[in-house]
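Q: As a plain string of letters, each chain reads:
2 protein chains.
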Amino acid sequence: METKPTEISSSKMFGGYNKRYKHYSPILGCSMTFHIYFPPSPSLCHKFPVLYWLSGLTCTDENFISKSGAQRVASSEGVALVAPDTSPRGLNVEGEADSWDFGVGAGFYLNATQDKWKNWQMYDYVVKELPKLLSENFPQLETSRASIFGHSMGGHGALTIYLKNQDKYKSVSAFAPLVNPINCPWGQKALMNYLGGNKAEWEEYDATCLITKFNGVRATILIDQGEDDKFLHDQLMPHKFEEACKKANVPLLLRLQPGYDHSYYFIATFIDDHIRHHAQALNL
Amino acid sequence: METKPTEISSSKMFGGYNKRYKHYSPILGCSMTFHIYFPPSPSLCHKFPVLYWLSGLTCTDENFISKSGAQRVASSEGVALVAPDTSPRGLNVEGEADSWDFGVGAGFYLNATQDKWKNWQMYDYVVKELPKLLSENFPQLETSRASIFGHSMGGHGALTIYLKNQDKYKSVSAFAPLVNPINCPWGQKALMNYLGGNKAEWEEYDATCLITKFNGVRATILIDQGEDDKFLHDQLMPHKFEEACKKANVPLLLRLQPGYDHSYYFIATFIDDHIRHHAQALNL
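Residue numbers (our numbering), protein chains in the order written: chain A, 15 to 298; chain B, 15 to 298.
One should not assume that every hint holds.
Identical chains blur together in the list; that is why a pair holds if it fits in one copy or across any two.
As the list claims (entries may be wrong) - SDA-like cross-link-like pairs, simulated, lysine to any residue; straight-line CA separation at most 20 angstroms: (1) 244 / 31; (2) 36 / 287; (3) 142 / 90; (4) 33 / 87; (5) 244 / 113; (6) 178 / 37; (7) 81 / 286; (8) 81 / 24; (9) 203 / 153; (10) 81 / 34; (11) 142 / 159; (12) 203 / 213; (13) 33 / 242; (14) 213 / 202; (15) 132 / 273; (16) 146 / 75; (17) 182 / 277; (18) 132 / 212; (19) 18 / 111; (20) 244 / 21; (21) 244 / 24; (22) 184 / 149; (23) 244 / 22.
For the record, the hints were derived by calculation from the structure and aren't laboratory data.
Extracted from the complex, chain A is given alone in its bound form:
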């Protein structure tokens, strides 16, 4: 089982390349795919900072690459995009594909503690295994200079991972993130099944809880939220996070976007602002 990434596709875009790789992940115990967008290189030894994108429920590593249009400004700003998958796949755990919001395509970027879901270690995969793999295999990436963003479940992932690892990421942003999973149906279902009934453990994966614990947030957090997003009131509840940020004195720019929904059309509309937000933090 090959832990080194093998290139499985390559397409030129905006002067750079979208490349898809496959590798065996020891942490997850299965084969995984991920995408990298490499901007056009100004010189042979140039190193690009890395901007991780975490996708939402049901997505693979491909949705963002084919639908967001992020490569246009990533190319001009000179930042590499890295898009992992959203869960382990192909393990045939009983019930893993029974619902669209749990199991396959729904890793929630946490480390499961319940035996049945022991392979669901997406937190360690994103925070530890993937950066190490990139650092060891892609000399054109400067993995010590990194930022992170995501959408919906992936916005939750980006926020929680950033808050717990401010030494590893320069900035964070999110589109329609799940900011308070302990208090919404998607989150409660996932947290109960992956972590069991101890709610203190749930809070370790909840951005609204975490923000009160980490008062050293330096960079402004950028969040875009569509006002016509059908998940806004029951699942996403960005105002809970906004209140918590105010209390903790954390700089947050929450932009409510009238008329926009939860789709990649919404993401594509505002992606340039997010890339530039990160480019600035990455000193580009």
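Please build the complex by placing chain B on the supplied structure of chain A, with the hints as guidance.
A: This is chain B only, laid out in the frame that chain A set:
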């Protein structure tokens, strides 16, 4: 059977809206879907010119809308995008889905004469039925001010439709178009099956043949072609069209793009240039 279009989805993007519609097409004898991107409107009575996009083999009306990124500049230039489907669907003609390059998803923008494929009238659908439908149902569209472009089989469609209807379209462009279908495998298979063995009829749907007949081409034809496109040498052969344009004294800008393939990543990279090419011809 409702011939008036019914809206089946709507998503805001770059200030405007992607809307998908369903309607019964009397010309094709089946239900069809199409997408319109409406730019943000400067006033209630504003009318947008229309830019038709014809997709390639296997596509529906959705691929261009979700992957091209065309809406960004369509929004700023103020041009509406209209993307029809690529063939009739749901008719259950024997063998219609046996191959990816013929039948369903492969209408080739012609009017079939062979009885078995009598519903395959995509030329009349695109040139006659759809513009009439738009004109009658969308007062915000100025259908008399229109241009046309497309990809691969849809590039063939755009070029042939433009050359035969210069009174209807102000300009044409194409990505990796099939410019000489009478001389390539995709084209020969489609033309033989849809039109039968009379090759004089085939030439009516071949841009390289048509260009010699219509010497009144006013606007420069823009074509982008990836040099790493795996279909370049066997199917697309843009140089045949280039030669014919030279002979016929037709202005052609054929741009060979090193490293680019046949995908929407290639299209997204150069789509802004194409939208601006048409915006200029449409006097925006």
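Q: State for each hint whether it applies.
A: Now the hints, each set against the structure:
{"no.": "1", "hint": "244 / 31", "in the structure": "between (34 angstroms within a copy, 17 angstroms between copies)"}
{"no.": "2", "hint": "36 / 287", "in the structure": "neither (30 angstroms within a copy, 34 angstroms between copies)"}
{"no.": "3", "hint": "142 / 90", "in the structure": "neither (28 angstroms within a copy, 42 angstroms between copies)"}
{"no.": "4", "hint": "33 / 87", "in the structure": "within (17 angstroms within a copy, 26 angstroms between copies)"}
{"no.": "5", "hint": "244 / 113", "in the structure": "within (19 angstroms within a copy, 39 angstroms between copies)"}
{"no.": "6", "hint": "178 / 37", "in the structure": "neither (26 angstroms within a copy, 52 angstroms between copies)"}
{"no.": "7", "hint": "81 / 286", "in the structure": "both (13 angstroms within a copy, 16 angstroms between copies)"}
{"no.": "8", "hint": "81 / 24", "in the structure": "both (16 angstroms within a copy, 17 angstroms between copies)"}
{"no.": "9", "hint": "203 / 153", "in the structure": "neither (40 angstroms within a copy, 47 angstroms between copies)"}
{"no.": "10", "hint": "81 / 34", "in the structure": "both (15 angstroms within a copy, 17 angstroms between copies)"}
{"no.": "11", "hint": "142 / 159", "in the structure": "within (14 angstroms within a copy, 56 angstroms between copies)"}
{"no.": "12", "hint": "203 / 213", "in the structure": "within (12 angstroms within a copy, 63 angstroms between copies)"}
{"no.": "13", "hint": "33 / 242", "in the structure": "between (34 angstroms within a copy, 15 angstroms between copies)"}
{"no.": "14", "hint": "213 / 202", "in the structure": "within (10 angstroms within a copy, 66 angstroms between copies)"}
{"no.": "15", "hint": "132 / 273", "in the structure": "neither (40 angstroms within a copy, 43 angstroms between copies)"}
{"no.": "16", "hint": "146 / 75", "in the structure": "within (18 angstroms within a copy, 41 angstroms between copies)"}
{"no.": "17", "hint": "182 / 277", "in the structure": "neither (29 angstroms within a copy, 35 angstroms between copies)"}
{"no.": "18", "hint": "132 / 212", "in the structure": "within (17 angstroms within a copy, 65 angstroms between copies)"}
{"no.": "19", "hint": "18 / 111", "in the structure": "neither (28 angstroms within a copy, 39 angstroms between copies)"}
{"no.": "20", "hint": "244 / 21", "in the structure": "between (37 angstroms within a copy, 18 angstroms between copies)"}
{"no.": "21", "hint": "244 / 24", "in the structure": "between (35 angstroms within a copy, 13 angstroms between copies)"}
{"no.": "22", "hint": "184 / 149", "in the structure": "within (17 angstroms within a copy, 52 angstroms between copies)"}
{"no.": "23", "hint": "244 / 22", "in the structure": "between (36 angstroms within a copy, 16 angstroms between copies)"}
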